[in-house]
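Using the numbering used here, the first residue of the sequence shown is number 1, and each one after it goes up by one.
Everything labelled a hint here was simulated from the structure, so no lab data went into it. For each residue, glycine too, the CB sits at the ideal point set by N, CA and C. The reader is advised that the hints may include incorrect statements.
Unchecked claim - Each computed DSS-like pair below joins lysine-lysine, with the alpha-carbon atoms no more than 25 angstroms apart:
#1 Lys106 to Lys242
#2 Lys106 to Lys298
#3 Lys382 to Lys453
#4 Lys3 to Lys24
#5 Lys90 to Lys24
#6 Lys105 to Lys3
#7 Lys105 to Lys242
#8 Lys302 to Lys444
#9 Lys28 to Lys83
#10 Lys302 to Lys366
#11 Lys129 to Lys298
#12 Lys298 to Lys369
#13 Lys105 to Lys90
#14 Lys24 to Lys105
#15 Lys83 to Lys3
#16 Lys366 to Lys444
#17 Lys369 to Lys444
#18 Lys453 to Lys302
#19 Lys3 to Lys28
#20 Lys453 to Lys298
What the hints assert, rightly or not - Each pair of labels, with its calculated beta carbon distance range:
#21 Lys377 to Asp217: 49 to 55 angstroms
#22 Glu146 to Lys90: 24 to 30 angstroms
#23 Asp239 to Glu100: 23 to 29 angstroms
#24 Lys377 to Gly26: 55 to 61 angstroms
#25 Pro376 to Pro198: 37 to 43 angstroms
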Amino acid sequence: MTKIHFIAIGGAAMHNLALAVASKDGYKVTGSDDEIFDPARTHLADAGLLPREIGWHPERITPDLDAVILGMHAREDNPELQKAQQLGLKIYSFPEYLYEQTRNKKRIVVGGSHGKTTTTAMILYVLRKLGIEADYMVGAQIEGFERMVRLSDTAEVAVFEGDEYLTSPLDPRSKFHLYHPHIAILTGIAWDHINVFPTFPQYVDTFRRFADLIEPDGHLIYYNGDDNLRDIAAHSRPDITKHPYEALVPDRPLGIFGQHNLQNMHAAMLACQEIGVSREDFMSAIADFSGASNRLEKIAEKRNANGRLEAIAYKDFAHSPSKLRATVSAVREQYPAMYLVAAMELHTFSSLMADFLPQYQGCMAKANKAFVYFNPKVVEHKRLTPITAEEVTEAFASPNIRVFTDSNALQQALREAAADTAAAGQPLALLLMSSGTFDGINIKEFATELINK
1 MTKIHFIAIG
11 GAAMHNLALA
21 VASKDGYKVT
31 GSDDEIFDPA
41 RTHLADAGLL
51 PREIGWHPER
61 ITPDLDAVIL
71 GMHAREDNPE
81 LQKAQQLGLK
91 IYSFPEYLYE
101 QTRNKKRIVV
111 GGSHGKTTTT
121 AMILYVLRKL
131 GIEADYMVGA
141 QIEGFERMVR
151 LSDTAEVAVF
161 EGDEYLTSPL
171 DPRSKFHLYH
181 PHIAILTGIA
191 WDHINVFPTF
201 PQYVDTFRRF
211 ADLIEPDGHL
221 IYYNGDDNLR
231 DIAAHSRPDI
241 TKHPYEALVP
251 DRPLGIFGQH
261 NLQNMHAAML
271 ACQEIGVSRE
281 DFMSAIADFS
291 GASNRLEKIA
301 EKRNANGRLE
311 AIAYKDFAHS
321 PSKLRATVSA
331 VREQYPAMYL
341 VAAMELHTFS
351 SLMADFLPQY
361 QGCMAKANKA
371 FVYFNPKVVE
381 HKRLTPITAE
391 EVTEAFASPN
401 IRVFTDSNAL
411 QQALREAAAD
421 TAAAGQPLAL
431 LLMSSGTFDG
441 INIKEFATEL
451 INK
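Working from the sequences, and respecting the hints, build out all of it.
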């Protein structure tokens, strides 16, 4: 029996990895964390993996453990980590262990500042429909997939969403540097994670390094509309086969929309072709793909008695400038005659930094009304320099922008915008974007309320 202990088992990725390992024959999984919230709490409890007590318990780190897996949430002075180090146990980061479990498989890794989750989801969706077994790690729930991580002894292919963020408290490398893909995808580079990559050239270099780590005679699939990616491809090793791509021109109706999604689809198709999937089979399989959770996910719509669309609402994880711009543009292009009301929350470390805010210039200009929300207490909690609503307004640099620091005031403004649109007899497109919840809003329920009033 192989015994694995997870330090910080409650994380979104970590608890999914724990579930995947525990489902394999011959593995016994334990874990600890100082806080575990739903859905991780329920998932772990259902699998019998929820720690009996919350907190760190170094007595659980014993010499008979075969490995310890360290999550990003744990710090260097974590007492369980220190005990594991004292005992000389094998300590893996999350990406190190994924690689260890898939070192004999053909690995497809999707990297880039945006579109990683959707592109990975597209590949997995097609493989599932075509009956091709694959191990995987993806950053969102996909329809038809029980978990976000799968590991097996039988799959010959592994598909990973490749994150450029730090590996662990002990390892400052980007996560995707540890995967060594046979088939690598790069979707685009737009500065993010300013706390880790304080300059744009440093950020670009981590993607350059990712390309350097492709396995011998591997493949690099890259978006041809990105100057930095073209340069990376041009200077990559001569044994690597390069596949530039742009937006796919579909030959049949699709369940998704937006130029960014057609670009993602083209990248996914090229990757699938490298493992033997034909274009025709790919297009047939992908036709009814409706997206990954929180990625341009339709959450409500209203039609009149004749079936005419009166209002529609989407939510999206968009928070970085490139994601925000692409998402707003996609909804505008899909519904050109509808009145577009878009709201986004500045929630991540980078988005709340004064030096990074100018990157948002013009990102929401295609909306008729655009609302931006941030909570000053979150800025304080992250120990960042305070920012003001006026600074955010100036950074977005668009006359349609209103900035809020009170969630109730934001909700009222959205209700008024929806009511005004309805009173004018205009069809409404509502877009709510955040990696959080706008401080406690049930986004789906709120959107449904707005478009049905």
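Is lysine 453 within 25 angstroms of lysine 302, Cα to Cα? holds (10 angstroms)
key: Satisfaction of hint between lysine 444 and lysine 369, Cα-Cα up to 25 angstroms   = Measuring from Cα to Cα gives roughly 20 angstroms; hence the hint holds.
Does lysine 298 sit within 25 angstroms of lysine 129, going by the straight-line distance between their CA atoms?
Between lysine 129 and lysine 298 the Cα gap is close to 22 angstroms, so the pair holds against 25 angstroms.
Original post:
Is the Cα-Cα distance between lysine 302 and lysine 366 25 angstroms or less?
Top reply: holds (23 angstroms)
If you draw a straight line from the CA of lysine 3 to the CA of lysine 28, is it 25 angstroms or shorter? holds (5 angstroms)
**Pair hint lysine 105 and lysine 242, alpha-carbon separation not exceeding 25 angstroms** = holds (21 angstroms)
#### Entry: Hinted pair lysine 106 and lysine 242, Cα distance within 25 angstroms
holds (17 angstroms)
* Taken at face value, is the distance from the CA of lysine 298 to the CA of lysine 453 at most 25 angstroms? -> Between lysine 453 and lysine 298 the Cα gap is close to 18 angstroms, so the pair holds against 25 angstroms.
Exercise for the section: Decide if the proposed pair is consistent with the structure: lysine 366 and lysine 444, CA atoms, cutoff 25 angstroms inclusive. Expected result: holds (23 angstroms)
**Message:** For a C-alpha distance cap of 25 angstroms, please report whether lysine 105 and lysine 3 respect it.
**Reply:** Distance of about 23 angstroms is within 25 angstroms: holds.
- Assess, step by step, whether the Cα of lysine 106 is no farther than 25 angstroms from the Cα of lysine 298, and give holds or violated. violated (34 angstroms)
* Within 25 angstroms, alpha carbon to alpha carbon, are lysine 302 and lysine 444? -> holds (14 angstroms)
Hint compliance for this structure: hints 2, 3, 24 and 25 are not met, and every other hint is.
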